[in-house]
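Visitor: Here is how the chains run, residue by residue.
Number of protein chains: 2
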Amino acid sequence: MTRAIVVLSGGMDSTTVAGILHAKGYEIYGITVDYLQRTSKKELDCAKKVGEFYGFKDHLFINLSFMKEILKDSTSLIDEKLEIPTESSEDEIPNTYVPFRNTIILSLAVAWAETLNAELIGIGVNALDYSGYPDCRPEYIEAFEKVARLGTKPNYAPQIFTPLQHMSKAEIVKKAVELGVPLDLTWSCYQNQEKACGTCESCQLRIKGFKEAGVTDPIPYEST
Amino acid sequence: MTRAIVVLSGGMDSTTVAGILHAKGYEIYGITVDYLQRTSKKELDCAKKVGEFYGFKDHLFINLSFMKEILKDSTSLIDEKLEIPTESSEDEIPNTYVPFRNTIILSLAVAWAETLNAELIGIGVNALDYSGYPDCRPEYIEAFEKVARLGTKPNYAPQIFTPLQHMSKAEIVKKAVELGVPLDLTWSCYQNQEKACGTCESCQLRIKGFKEAGVTDPIPYEST
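Here the protein sequences come in this chain order: Z and R.
Counted the way numbering that gives the first Met the number 0 counts, the first sequence spans residues 0 to 223.
Counted the way numbering that gives the first Met the number 0 counts, the second sequence spans residues 0 to 223.
The following block holds chain Z by itself, in its conformation from the complex (with noise of 0.2 Å):
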């Protein structure tokens, strides 16, 4: 069986891109890191669930709980004292931007597939409901994978595997259901709480996503 990592963070996208790999026939190993974001426990719960609803061959849970000295009070994902946003802005990057974390799990993926010599790395960034990170966008990963080839061994060049990079909310959900991935099992709420919020811009998009669907979402809200 060929081998694939899948950066999962419990969220409905990364647990698409599983279901998408798992579907393809892949042996999966998962990768999915704790940087004391607000939401950690919450997102490591429903993680451990989709590994093992996936039956991941193995599944690393990282702690990069450093990420807090590193990056002070830059993201309101970790400072609490920060609010998390509920409107979005296309202008701004939004204070939920947690500087460079993307290249930071993408390496140490990469460090893992190349010691198991995967195939390819998938991640569940997307191009159009990306909040505007700029460690989402397609040249941002054209980039990433040109770092891992030449990073590597020479006769090593994992591919960084978005199936979701062009597909809207909405397109997700209807993925997602067709291929029968757990839903329920996701966490997309930026706050820390019981329930899912539902005002936070991650869940506005996540709702958006089912409604426009028609698909009704399976995890309770605080609001609705």
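Hints listed in this document are in silico derivations from the structure and should not be mistaken for laboratory results.
Any given hint could turn out to be false.
Cut-off 30 Å, straight-line C-alpha distance, at most; resulting in silico cross-link-like pairs (DSBU-like, lysine-lysine) [claimed, not checked]:
1. R:Lys41 x R:Lys67
2. R:Lys71 x Z:Lys67
3. R:Lys207 x R:Lys80
4. R:Lys67 x Z:Lys47
5. R:Lys41 x Z:Lys207
6. Z:Lys48 x R:Lys67
7. Z:Lys41 x R:Lys67
8. Z:Lys40 x R:Lys152
9. R:Lys41 x R:Lys152
10. R:Lys173 x R:Lys48
11. Z:Lys41 x R:Lys152
12. Z:Lys152 x R:Lys41
13. Z:Lys41 x Z:Lys152
These numbers come from a predicted model, not from an experiment.
Given the coordinates of chain Z, assemble chain R onto it according to the supplied hints.
Guide: Chain R alone, transformed into the frame defined by chain Z:
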């Protein structure tokens, strides 16, 4: 003062980069990682002393002990069952290669640099006396610099500063001496022992460099 980050291993090359940044008048922030490499205690001690010597504004020591799990038995720098080579090969990458290490460390450095708004990140990679590691080549650094530009906020683009890129070890020794770099505080040996072994590839490169530069190496060796 303009801020600069230096990736500091405690070796001769990265310490010389710190010396170059110091001479240029930067406010220096050091980043040193511990990935449970054989010589980690020795390297961290040296890095700490170098940071104190240059009066770093801040110095992060980052524990990446999970690297052992990611890399399993793929590098002799971590796995003590693998033997450290004493001969270099022109065709093969030695087992001291650590998969994707430079990208992981540089990614952490970029996240910190973006948070600090640092102008550049100094790293002691070297394309001549470099043991054949893929992630020391100029084309790799150039590709990574592009990722650093594309993966961060639009108005931020850190330079990856590699002043030793095209220097031989002898030229590095001369540069270090010229700048008064504390070479006595540095550690290059791959073996975990009190004195440098003098026979591993890294010691051989260092010894050859000092010899060609006509400079006496201030550190003691086991075998000389």
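Visitor: Determine for every hint whether it applies to the structure shown.
Guide: Outcome of the hint check:
1. Annotation: proposed proximity of Lys41 of chain R to Lys67 of chain R holds, straight-line Cα distance about 18 Å (limit 30 Å).
2. Restraint check for Lys71 of chain R and Lys67 of chain Z: the C-alpha separation of about 27 Å stays at or below 30 Å, so the hint holds.
3. Annotation: proposed proximity of Lys207 of chain R to Lys80 of chain R holds, straight-line Cα distance about 28 Å (limit 30 Å).
4. Of the pairs offered as hints, the one joining Lys67 of chain R and Lys47 of chain Z holds, with about 21 Å between alpha carbons and a cut-off of 30 Å not exceeded.
5. Distance hint between Lys41 of chain R and Lys207 of chain Z is unfulfilled; the C-alpha atoms sit about 55 Å from each other, more than 30 Å.
6. Straight-line distance between C-alpha atoms of Lys48 of chain Z and Lys67 of chain R comes to about 25 Å, which keeps the hinted pair within the 30 Å bound.
7. Straight-line distance between C-alpha atoms of Lys41 of chain Z and Lys67 of chain R comes to about 26 Å, which keeps the hinted pair within the 30 Å bound.
8. Note on Lys40 of chain Z and Lys152 of chain R: the hinted pairing holds, with a Cα-Cα distance of about 28 Å set against a maximum of 30 Å.
9. Between Lys41 of chain R and Lys152 of chain R the alpha-carbon distance is near 37 Å, which puts this suggested pair outside the 30 Å criterion.
10. For the suggested pair Lys173 of chain R and Lys48 of chain R, the alpha carbons sit about 21 Å apart, so the restraint of at most 30 Å is met.
11. Of the supplied pair hints, the one linking Lys41 of chain Z and Lys152 of chain R holds, its CA atoms being roughly 28 Å apart against a limit of 30 Å.
12. Using a Cα cut-off of 30 Å, the hinted pair Lys152 of chain Z and Lys41 of chain R holds, with the two alpha carbons roughly 28 Å apart.
13. With a C-alpha separation of about 37 Å, the suggested pair Lys41 of chain Z and Lys152 of chain Z falls outside the 30 Å cut-off, and the hint is violated.
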